[in-house]
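K.L.:
Here the protein sequences line up with chains A and B, keeping their order.
If you're matching positions, the first sequence starts at 25 in the working numbering and goes up one per residue.
If you're matching positions, the second sequence starts at 25 in the working numbering and goes up one per residue.
Honestly, I wouldn't trust all of these hints.
Some chain A residues judged to face chain B by a derived CB distance under 10 angstroms, without partners named [what the hints assert, rightly or not]:
| no. | residue |
| --- | --- |
| 1 | 66 |
| 2 | 90 |
| 3 | 99 |
| 4 | 213 |
| 5 | 215 |
| 6 | 234 |
| 7 | 236 |
| 8 | 243 |
| 9 | 244 |
| 10 | 245 |
| 11 | 286 |
| 12 | 288 |
| 13 | 289 |
| 14 | 293 |
Hint data in this document are derived by calculation from the structure and do not stem from the laboratory.
Where a beta carbon is used, it is the ideal one built from N, C-alpha and C, also for glycine.
Protein chains: 2
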Amino acid sequence: MTSLTLFTPAGALARAGNLKRAAKRLAQFGFEVETDTDALARHQRFAGDDATRLAALHRIADAAPSIALATRGGYGMTRLLDQIDWARIARSVEHGTRWVGYSDLTALQNGFIARHKGLSMWAGPLACDDFGRSDAEGGVDEVTRDCFLEAMSGALEAVGFREPTGGFDGLEARGRLWGGNLTVLCSLLGTPHWPKVKGGILFLEDINEHPYRVERQLLQLQQAGVIDAQAAVLLGDFSGAAKSPLDRGYGIKDAVAALRARTKTPVLTGLPFGHIRTKVCLPVGGMVELYVQGREAIVGWQSDPRLAHAGHDHHDHHHH
Amino acid sequence: MTSLTLFTPAGALARAGNLKRAAKRLAQFGFEVETDTDALARHQRFAGDDATRLAALHRIADAAPSIALATRGGYGMTRLLDQIDWARIARSVEHGTRWVGYSDLTALQNGFIARHKGLSMWAGPLACDDFGRSDAEGGVDEVTRDCFLEAMSGALEAVGFREPTGGFDGLEARGRLWGGNLTVLCSLLGTPHWPKVKGGILFLEDINEHPYRVERQLLQLQQAGVIDAQAAVLLGDFSGAAKSPLDRGYGIKDAVAALRARTKTPVLTGLPFGHIRTKVCLPVGGMVELYVQGREAIVGWQSDPRLAHAGHDHHDHHHH
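Turn these sequences into a full structure, and let the hints guide you.
P.N.:
And the structure:
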């Protein structure tokens with residue numbers, strides 16, 4: 025059985041119910057599920073004070089389960105970055121642990137690859153958000169589940185999506201995949217936790233951020249030289265923000281246009297990733313290849329070599 | 025008469041009424057008011073497209089009025105930063121132009137002092153927000169008005185405020201004043217528009233940002249080495265954010281405590297500056313001295329030497 029530990033590194037869980045439901049579902053998927061002892065801890069808005077959450081990270085790293093899946097994001101990861109024993113985390117990854125999550129986990133993932141080139145973590149679901157919802161709350165998205173199961177088995181080696189403009193036909197790019205939540209990633213800029221990736225493939229998403237705020241951060245990355253230094257940028261979902269009567273037609277398309285007008289780096293949209301129900305898994309820190317044919321975009325990588333040698337079936341996962 | 029030009033460098037004005045009212049009031053204060061030809065321009069959510077707003081900046085710099093007062097903030101300044109002819113702006117400042125505003129103007133002010141040490145702009149009111157409100161909308165705050173008039177005459181040489189903790193009695197610090205809106209300032213990090221001030225006095229404010237977001241940006245500045253490199257940090261107003269049921273008591277005081285726990289730099293609160301009615305004027309880029317006696321804090325600077333030599337009355341402005 026594949027061991028899977030649930031932990032809560034940032035914001036506190038409001039209710040235990042979704043965690044229990046997630047644990048039950050993950051067990052039904054075939055995982056040997058363990059819930060970290062402090063997964064339900066509370067201190068202010070955090071899942072325990074900084075020392076508690078830091079200890080949980082290190083405890084899981086030492087135990088090195090096959091999968092370390094965060095229960096939720098929120099805010100709290102950046103509070104820990106200066107104190108994390110990154111070598112200890114790296115040993116777990118070398119031992120085979122797949123760390124999984126998104127949103128606030130962007131800080132952990134990118135802070136990690138800032139120090140450990142060649143190692144990766146997984147941008148993917150969060151236990152409570154994606155596997156903990158009751159049927160009344162929407163249940164489990166099948167694509168998210170299947171993609172997660174394939175990624176965790178080591179079989180997933182590509183994700184595909186529809187690029188809506190058709191303007192990138194024939195594009196081929198290869199580089200280190202990095203990024204995640206735009207606001208969380210930008211909160212690492214200028215700090216020792218920023219991964220100085222050149223020639224990479226940068227993916228970004230955000231939730232509840234007005235398009236002008238998304239644009240301001242995209243332009244910051246451009247002005248900081250980050251966008252121009254990438255082989256490609258992949259934009260996921262940027263929804264949830266309330267429109268303003270001041271917008272007068274301005275929206276996320278204009279924010280993307282403002283970025284495209286300032287860089288030669290291909291900026292693709294349509295990546296099925298973000299604070300949305302259907303999301304793929306992506307290896308943060310891994311070498312990936314991007315191919316576009318017509319409106320079909322594929323991000324591919326070499327699957328786990330141990331599995332490849334074992335003749336395991338490999339999959340790519342298409343979502344439109 | 026002192027010439028004063030109103031311009032709109034970022035977001036479009038929703039109504040002309042507040043601009044007309046502001047112009048009328050400023051004329052009553054004794055200024056020779058001119059409104060830039062594109063102050064009411066509109067493009068999407070901006071006061072004209074980027075070329076229009078950039079041209080307005082350069083046009084005003086060339087005209088070099090005594091005062092260049094922005095009508096409002098919003099978002100749009102960072103779109104222009106890469107294209108501004110900073111030397112042209114500097115010539116106007118050397119010629120005596122006082123550029124005034126806050127919020128999005130933080131980008132102009134700090135981008136400017138990133139290139140021109142020894143020159144300054146004014147963090148202070150915005151024409152429509154502070155002088156354009158009808159009596160039904162709150163009218164004009166007398167402290168804001170008086171402080172603005174003294175600063176613009178060159179007479180203002182200090183602002184005082186009540187530091188609420190009493191924990192900084194006897195503090196003395198001297199350095200270059202810089203900062204402004206926290207989110208806008210952080211959007212300059214990592215770019216060529218970031219002023220690399222060491223040993224400075226950094227002031228910060230923000231509006232409608234949840235305390236966890238304020239904290240995340242404060243910790244970013246700390247992790248980037250910015251906070252530790254300052255002689256002092258002065259926090260203004262951080263209000264307007266909706267509380268969340270997830271907060272469980274966490275608020276702006278906890279965000280400030282999280283910063284204080286991570287730095288030896290004195291972090292004072294209570295600066296009367298921000299998106300609030302009563303705000304002082306502060307010379308961004310100027311050398312200032314900070315004194316604290318008991319709970320009384322004073323930020324002082326040398327007033328305009330030309331006025332000093334003319335024997336002009338000097339003032340300090342206290343607000344509690």
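K.L.:
Next step is simple, just say for each hint if it's right about the structure.
P.N.:
For each hint, the structure was consulted:
1. 66: holds, 7 angstroms
2. 90: violated, 31 angstroms
3. 99: holds, 4 angstroms
4. 213: With Cβ-Cβ at 4 angstroms, under 10 angstroms, it holds.
5. 215: Holds - the Cβ of residue 215 of chain A comes within 10 angstroms of chain B, reaching about 4 angstroms at its closest.
6. 234: With a minimum Cβ separation of about 9 angstroms from chain B (threshold 10 angstroms), the hint on residue 234 of chain A holds.
7. 236: OK, holds: residue 236 of chain A within 10 angstroms of chain B, min 4 angstroms.
8. 243: Residue 243 of chain A check passes; min Cβ-Cβ to chain B is 6 angstroms, inside 10 angstroms.
9. 244: Hint on residue 244 of chain A: holds, closest Cβ of chain B at ~5 angstroms, below 10 angstroms.
10. 245: Since chain B brings a Cβ to about 8 angstroms from residue 245 of chain A, closer than 10 angstroms, the hint holds.
11. 286: holds, 8 angstroms
12. 288: It is violated, given that the least Cβ distance between residue 288 of chain A and chain B is near 15 angstroms, above 10 angstroms.
13. 289: violated, 16 angstroms
14. 293: Not OK, violated: residue 293 of chain A not within 10 angstroms of chain B, min 19 angstroms.
Hints 2, 12, 13 and 14 from the earlier list are contradicted by this structure; the remaining hints agree with it.
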